[in-house]
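Q: Residue-level listing of the chains:
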Amino acid sequence: NAGVTQTPKFRILKIGQSMTLQCTQDMNHNYMYWYRQDPGMGLKLIYYSVGAGITDKGEVPNGYNVSRSTTEDFPLRLELAAPSQTSVYFCASLGGDTEAFFGQGTRLTVV
Amino acid sequence: DAKTTQPTSMDCAEGRAANLPCNHSTISGNEYVYWYRQIHSQGPQYIIHGLKNNETNEMASLIITEDRKSSTLILPHATLRDTAVYYCIVRVYGGSQGNLIFGKGTKLSVKP
Numbered sequence: 028n029a030g031v032t033q034t035p036k037f038r039i040l041k042i043g044q045s046m047t048l049q050c051t052q053d054m055n056h057n058y059m060y061w062y063r064q065d066p067g068m069g070l071k072l073i074y075y076s077v078g079a080g081i082t083d084k085g086e087v088p089n090g091y092n093v094s095r096s097t098t099e100d101f102p103l104r105l106e107l108a109a110p111s112q113t114s115v116y117f118c119a120s121l122g123g124d125t126e127a128f129f130g131q132g133t134r135l136t137v138v
Numbered sequence: 009d010a011k012t013t014q015p016t017s018m019d020c021a022e023g024r025a026a027n028l029p030c031n032h033s034t035i036s037g038n039e040y041v042y043w044y045r046q047i048h049s050q051g052p053q054y055i056i057h058g059l060k061n062n063e064t065n066e067m068a069s070l071i072i073t074e075d076r077k078s079s080t081l082i083l084p085h086a087t088l089r090d091t092a093v094y095y096c097i098v099r100v101y102g103g104s105q106g107n108l109i110f111g112k113g114t115k116l117s118v119k120p
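Heads up: the protein sequence lines correspond to chains A and B, in order.
In my numbering, each residue's number is its place in the first sequence (first place is 1) plus 27.
In my numbering, each residue's number is its place in the second sequence (first place is 1) plus 8.
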């Protein structure tokens, strides 16, 4: 039981490049979330999903896309990276009656 | 927006109890209060949750006021390793409500 796994742990992107942040969970949780955390700030919800095939916008969705084709995976896509997207990204999953489990984060720098 | 308000920062002496307050004046009858903490740059970690009764586990105690408009997380004997940002969240337990919004949290500094 690995919990929530995020890859990669670190990445440097050039402006305009695209990438996908991977997130997978092995707890059969329905709910999954993507957050970003800027230095010294709290977590901001980007997108979330309440089950396979269902996604919804959070507080700061602009510049990102997600998909949820399986219960286990919830990838986050950056199409045209911008310096403002430099941040630490956290993925989380939650069962209906449990607490949320978080991955260890992906540190992204856009230069 | 987050449904909770917390002090930005607090200090606590090592070995003393740390009492972290949270206001959630618009909480609904079916919403629980959850507490998480984030140590340095790690992913947040669950601490405790409750509806209206006081709760205790191996990490902390949660005291919820009778009107449920505020709560206090108590770390009974704070250690240096408890230095972290503590987040108070309200959400429906086991419900279909999807979003999970974090506020700015309280930065707790435990000092020797």
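Rather than coming from a laboratory, the hints here were simulated on the basis of the structure.
One or more hints might be untrue.
[To be verified] Listed next, the stretches of chain A that the computed footprint assigns to chain B, with coverage defined by at least 3 CB atoms under 8 angstroms from CB atoms of chain B:
1. 82-88
2. 112-119
3. 128-138
[As the list claims (entries may be wrong)] With a straight-line cut-off of 27 angstroms between C-alpha atoms, the simulated DSSO-like cross-links for lysine-lysine are:
4. 115/B to 71/A
5. 11/B to 84/A
6. 112/B to 36/A
7. 60/B to 84/A
8. 119/B to 36/A
9. 112/B to 11/B
10. 119/B to 84/A
11. 84/A to 112/B
12. 36/A to 84/A
13. 36/A to 60/B
[Stated by the list, open to error] Some chain B residues near chain A, calculated using beta-carbon distances under 7 angstroms:
14. 88
15. 107
16. 108
17. 112
Here a beta-carbon is modelled for each residue, glycine too, at the ideal position from N, C-alpha and C.
Q: Could you run down the list of hints and mark each one as holding or not?
A: Results of checking the hints against the structure:
no., hint, result
1, 82-88, "holds (count 3)"
2, 112-119, "holds (count 3)"
3, 128-138, "holds (count 5)"
4, 115/B to 71/A, "holds (17 angstroms)"
5, 11/B to 84/A, "holds (18 angstroms)"
6, 112/B to 36/A, "holds (24 angstroms)"
7, 60/B to 84/A, "violated (30 angstroms)"
8, 119/B to 36/A, "violated (31 angstroms)"
9, 112/B to 11/B, "holds (11 angstroms)"
10, 119/B to 84/A, "violated (40 angstroms)"
11, 84/A to 112/B, "holds (20 angstroms)"
12, 36/A to 84/A, "holds (24 angstroms)"
13, 36/A to 60/B, "violated (39 angstroms)"
14, 88, "violated (21 angstroms)"
15, 107, "holds (6 angstroms)"
16, 108, "holds (6 angstroms)"
17, 112, "holds (4 angstroms)"
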